[in-house]
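Asks: Positions 26 to 427 (the working numbering) are the ones given, in order, by the sequence shown.
Just so you know, the hints here were simulated from the structure itself, not pulled from any lab data. Keep in mind the model is a prediction, meaning the values are calculated, not measured. It is possible that some hints are incorrect.
What the hints assert, rightly or not - Computed Cβ-Cβ distance ranges for the label pairs, DEER-style: (1) T43 / L66: 25 to 35 angstroms; (2) P325 / E173: 17 to 27 angstroms; (3) I65 / S148: 33 to 43 angstroms; (4) G89 / A155: 26 to 36 angstroms; (5) T43 / S246: 24 to 34 angstroms.
Unchecked claim - In silico DSS-like cross-links for lysine-lysine, where the CA-CA straight-line distance does not exceed 30 angstroms: (6) K331 / K225; (7) K203 / K331; (8) K421 / K394; (9) K33 / K348; (10) K425 / K348; (11) K425 / K414; (12) K33 / K225; (13) K225 / K298; (14) K298 / K394; (15) K225 / K131; (16) K414 / K348; (17) K298 / K421; (18) K203 / K131; (19) K33 / K298; (20) K298 / K414.
Ideal placement from N, C-alpha and C gives every residue a C-beta, glycine not left out.
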Amino acid sequence: MNNTQRPKPPADATRAITNGRTSAEHHGAVNTPVYHASTILHPDVESFETRHDPTSNRRKVIYGLLGTPTSFDLEEVLADLEGGHDAVLAPSGLAAISVALLSFLKPGDHALIADTVYPPTRSFCDEHLASMNIAVDYYHPHLGAGIETLIQPNTRVIFLESPGSFTFEIQDIPAITKVARDRGVTTILDNTWSTPLFFKSFSHGVDVSVHAATKYLSGHSDVVMGAIICAEHAWSPIRRTHRHLGQCVGPDDAYVTLRSIRNLSTRLNAHHKQGLALADWLNEREEVAEVLHPGLPGHPDHAVWKRDFLGASGLFSIVLHPKSREAVLDMVNGMELFRIGASWGGFESLMIPVYPEQYRSATHWDPSKFTLRIHAGLEDFDDLIADLKAGFERLKRSSKSD
26 MNNTQRPKPP ADATRAITNG RTSAEHHGAV NTPVYHASTI LHPDVESFET
76 RHDPTSNRRK VIYGLLGTPT SFDLEEVLAD LEGGHDAVLA PSGLAAISVA
126 LLSFLKPGDH ALIADTVYPP TRSFCDEHLA SMNIAVDYYH PHLGAGIETL
176 IQPNTRVIFL ESPGSFTFEI QDIPAITKVA RDRGVTTILD NTWSTPLFFK
226 SFSHGVDVSV HAATKYLSGH SDVVMGAIIC AEHAWSPIRR THRHLGQCVG
276 PDDAYVTLRS IRNLSTRLNA HHKQGLALAD WLNEREEVAE VLHPGLPGHP
326 DHAVWKRDFL GASGLFSIVL HPKSREAVLD MVNGMELFRI GASWGGFESL
376 MIPVYPEQYR SATHWDPSKF TLRIHAGLED FDDLIADLKA GFERLKRSSK
426 SD
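Between the sequences and the hints, there should be enough to build the whole structure, so can you do that?
Replies: Here it is, written out as structure tokens:
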């Protein structure tokens, strides 16, 4: 009997540092340099005329638009971390979503979209896809395997986002992807909240994973970028559409995002810890009616989250007990550490009012439930608690004066 144990594969934190590294190609430099390049010179006509040979090395640099060592290394490490076959970069998260959808949909097709998607995704579907004669229906995020009842003969895509934007419902992704595989439907998941570290899309049956690299992947609120990671069978249509639409990212953005990936595990674990600690604290406040964080045991989808996810990012929402809009805005406007701003995933804490009822059709959200979306940054926990306490004091004073 052979007692030799198979070596344990490196952890994600290690692979985020060691993969997508081509130091030998760059005179031993630890970080892949920034390649500012459009024209690529060839040694002879023969190599120029065969530059698009599909059997050639995927990393072959033939034109700046189609990739450089900087972008190739970033794509490589992202695909590896999520367990995908390959990846391409896009100029924004919404661009990544658009490319993914257009890769599998044509006029006359039908798509099922989670009702809790990122609002710009809904706008793209309602306006752009509709203009192409592509039918769209929205489904309840808790439908699970029941989604089979909504699949039509011309359904080509199921688009998932889990947790849902603003309200953080967790979908039963393995149940949905099994139905989709059985029916020949492509599944696309917006995995921005979890990143490739906290949800492994392809081991749960997803075909294509999209990310707003603007958020945690770049991690410093100074880059706008998207990424598309896919299984091998989905690679050809993704790559073709990506090229046809002329998608690329700036070399400086690729460089700083690749550098940020090296400490993604450290940052994301800190956001996980900070977010859960804040959610726990807020759950005990008398001003808070609900904390919408799937990592809390009291969340209705906690069991599914615990089964499928490896952690939680720092983004969640709270629902306040009924207060006037003026009182809530007085609270938010006076925050010192929780700043007001779109996007999330950087080092700073954020707080904004959100209005889920404006973006729902298959589900209902009571508009009287005043909801605040919170991003737990990397500031000192006690300082954040002090800021929240002061905010709740303002809320209380303003409510008394209403």
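Asks: So, for every hint listed, does it hold in this structure?
Replies: Here is how each hint holds up against the structure:
1. T43 / L66: 25 to 35 angstroms: holds (32 angstroms)
2. P325 / E173: 17 to 27 angstroms: Since P325 and E173 have Cβ atoms about 23 angstroms apart, the given range 17 to 27 angstroms holds.
3. I65 / S148: 33 to 43 angstroms: holds (37 angstroms)
4. G89 / A155: 26 to 36 angstroms: For A155 against G89, whose Cβ atoms are near 35 angstroms apart, the range 26 to 36 angstroms holds.
5. T43 / S246: 24 to 34 angstroms: holds (27 angstroms)
6. K331 / K225: Status holds; Cα separation ~13 angstroms.
7. K203 / K331: This hinted pair holds, its Cα atoms lying about 20 angstroms apart.
8. K421 / K394: holds (17 angstroms)
9. K33 / K348: violated (54 angstroms)
10. K425 / K348: This hinted pair holds, its Cα atoms lying about 10 angstroms apart.
11. K425 / K414: holds (17 angstroms)
12. K33 / K225: holds (18 angstroms)
13. K225 / K298: Holds - the C-alpha atoms of K298 and K225 are around 20 angstroms apart, at most 30 angstroms.
14. K298 / K394: holds (27 angstroms)
15. K225 / K131: holds (28 angstroms)
16. K414 / K348: holds (17 angstroms)
17. K298 / K421: Holds - the C-alpha atoms of K421 and K298 are around 28 angstroms apart, at most 30 angstroms.
18. K203 / K131: Holds: K203 and K131 sit about 23 angstroms apart, inside 30 angstroms.
19. K33 / K298: holds (26 angstroms)
20. K298 / K414: Holds - the C-alpha atoms of K414 and K298 are around 20 angstroms apart, at most 30 angstroms.
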